[in-house]
Amino acid sequence: MDGTIPLAHLPHVLETITAICTRHGLKVANIFHAGDGNLHPLVMYDANKPGEMAKAETAGAEILKLCVEVGGCLTGEHGVGIEKRDLMRVQFTDEDLALQLRIKAVFDPDWLLNPGKVFPLDAVAASIASRDSEALSGAVPDRDTNPAEAA
Amino acid sequence: MRGISLYEPSELVMSARAGTPVSQLEVELASRGQMLPFEPIDLSPAVGSDAGVQTIGAVFAGNLSGARRIALGAARDFLLGMRGVNGRAEMFKSGGRVMKNVTGYDVARGLAGSWGTLAVLSEVTFKVLPLPDDVVTLVFPGLTDDLGVELLSTALGLPFEVSGTVHISPGLVPRLRHSVLRVRVAPADRHTHRELHPLGQLPQGPPEGRARRLRHADRARSRKLAAVLGRVAAAVRLSLRPFASLADIHNTEAGAEAGELHQATHARRGTI
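Sequence order for the protein chains is B and R.
Residue 5 is where the first sequence starts when you use the working numbering, and the numbers rise one by one after that.
Residue 4 is where the second sequence starts when you use the working numbering, and the numbers rise one by one after that.
No wet-lab data here; the hints were simulated from the structure.
Take every hint as true, because none was put in to throw you off.
Here are the computed lysine-lysine pairs in the DSS-like style, where the Cα-Cα straight-line distance is at most 27 Å:
1. R:LYS130 x B:LYS69
2. B:LYS69 x B:LYS121
3. B:LYS121 x R:LYS96
4. R:LYS96 x B:LYS108
5. R:LYS96 x B:LYS69
Construct the entire structure; sequences and hints are all you get.
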């Protein structure tokens, strides 16, 4: 876990992290960068017990939602990756995500780099679909086209 | 769209609506012993306004950084987050209010310096720093451009925290007879002046080329653009690569003159 929170909320968040994990029957060790509010709760589970890892992931998601609720963010240094991509909607609106995906489309339209990471998969699909439909309808003119002629 | 929406001195963070004058923010920050680390240059007089009307939104949109950039970084390096409107008339946000944040793309940083071409900022969130305990500005009068550059290069290589340098040549300020070179260092130490002093007595330095300290009262005044602009009709601000030689600077000036800068009669050109 890697959520970051404004420091003023530190005591409350640490207590709530323990409460969340206890509710799921798990123990947690809190280590964190005290100076900047970047938390690394170590949610402990027994991989040999069926269902424990799923409980740990659910607890983790609740912790990260709490971080965003108190004005923080999902990840302070590790990155979103695969594990947190579906939580992106907790922090960002559809417009926020669509904007970031349009930036991605400029540099890596074919998703050669890090496919399946950072963004919810349905948002990626929607972004590709809207790009395709814009291309087909001629809504986005070619770079070489004179804008006056394209109209 | 004015007003400070968040200020948490213990967390070194402030949020303000984009139309808030920087001068208002600086007063609030100074009251808590803090500052904008990148020391934004106030360009209001250069566009015919009174000093102090420049907004924080303009500062980040233009990445307007000042003398302290060489020590601490530019405006974009301190922008933590923003809210604004994109080219599709949609509200959007990027970043946040915490220092450590790698959630999604750092769109806010990309917008800094985009001059409003990509989005309109409505609110910005940025990191602030404590004011330095003490600074000393050393003044070296009467140096030629070449000696000035030599001294500045030497000063930047010394183990002091040089947080600002300026070389003012006589053409820049009305009634200025000799060039003036200033170096701001921190933390101040009574040895600092002695270490830098020999630099002021370079072989070709004039008799009046003895280094001195800038008086505290002069510091605030010397930061104001109006003092440099005087009655100049046009001023040009050139951003050059860090190790541009004097020849590069003179060539750029000559090119700008010969190029598309059409001046009214009696215009005096200033390069900042």
